[in-house]
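If you read the protein sequences in the order shown, they are chains A and B.
At position 101 of the first sequence the residue is numbered 101 (this note's numbering), and the sequence of numbers has no breaks.
At position 13 of the second sequence the residue is numbered 1013 (this note's numbering), and the sequence of numbers has no breaks.
Just so you know, these hints were derived from the structure itself, not from any lab.
Mixed in with the good hints there might be a few duds.
Below, a list of computed lysine-lysine pairs in the DSSO-like style, where the Cα atoms sit at most 30 angstroms apart [claimed, not checked]:
#1 A:K102 x B:K1009
#2 A:K5 x A:K68
#3 A:K54 x B:K1009
#4 A:K54 x A:K102
#5 A:K5 x B:K1014
#6 A:K56 x A:K68
#7 A:K37 x A:K56
#8 A:K71 x A:K54
#9 A:K68 x A:K37
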Amino acid sequence: DQQVKQNSPSLSVQEGRISILNCDYTNSMFDYFLWYKKYPAEGPTFLISISSIKDKNEDGRFTVFLNKSAKHLSLHIVPSQPGDSAVYFCAALPWVIQGAQKLVFGQGTRLTINP
Amino acid sequence: NAGVTQTPKFQVLKTGQSMTLQCAQDMNHEYMSWYRQDPGMGLRLIHYSVGAGITDQGEVPNGYNVSRSTTEDFPLRLLSAAPSQTSVYFCASNLGGGRDTEAFFGQGTRLTVV
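Pulled out of the complex, with its shape left as it was, chain B reads as follows:
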């Protein structure tokens, strides 16, 4: 059971570079989301999707783009990386958006922007 798979696990970018963090789930979950974890801040929601073709912003969306063309994949794009985007990024999926559905998280991508 793969669950939620994130690639890459580690990445170093130069300021101004762009990249895409990949997230794939094999549980046929409708709901997917991206969080970033920073020291002393917990996890904060960047973007989420309630199904293919539908995305919306979370708490900290600036500097990130998402799209959801399939149920399985939810990539996160950094358009022009900044040092403030140095963080650990987690992708999560739920069977639905209901409060009693468990969120399954990937292992995370540690991104450093220099």
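Chain A extracted, bound-state conformation:
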């Protein structure tokens, strides 16, 4: 059973506009969430994260929003640039006393930025 779900396999956005990628989770034990970006033939790279004690985290053009009651998070990219075209993975970490970073990933969303 998929505990982290990205229901949109793909998204196409005009350059300069806002890209919004969505992610839902089912496990109430998740308390830390991350977004990774992946280009073809490369490994995922860390983009931004958010702790469950926050509802928003911003880093330059990237903002992640967390709605705990809805078990939903979203990644906003403003403005979108051609180099943002990639697959974006949402990931979650469960609360544990001592960390082993056992990431649980969503299926990924392929974002295409059109000029």
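Assemble chain B onto chain A, guided by the hints.
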């Protein structure tokens, strides 16, 4: 800066063959892990290690073995390859297991079992 290096990049195996996927990191990271990526499934954790000599199972460990004799290396062994193990494999390392430590991934190994 090499980061996380995986070899080979591509491999074709016959059912029943064994092989080892290599992973090495030069960042002196304590925590290392192996994931597999399948279409429509995202990445799933196979095994992980919190330091030399310490390993544990992830979500999908069956058919795979790991060991961690040094901080730098974390090989993944397929004992008897099956078509269900056709996948892209990613190795990752973190400075620690803490949630605020960034995971660095290798470029991946694309494995096909025929």
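The hints, checked one at a time:
1. A:K102 x B:K1009: 24 angstroms, holds
2. A:K5 x A:K68: Distance of about 15 angstroms is within 30 angstroms: holds.
3. A:K54 x B:K1009: Distance ~39 angstroms between K54 of chain A and K1009 of chain B Cα, so the pair is violated.
4. A:K54 x A:K102: 21 angstroms, holds
5. A:K5 x B:K1014: 33 angstroms, violated
6. A:K56 x A:K68: 11 angstroms, holds
7. A:K37 x A:K56: 19 angstroms, holds
8. A:K71 x A:K54: 13 angstroms, holds
9. A:K68 x A:K37: Judged against 30 angstroms, a Cα distance of about 23 angstroms means the pair holds.
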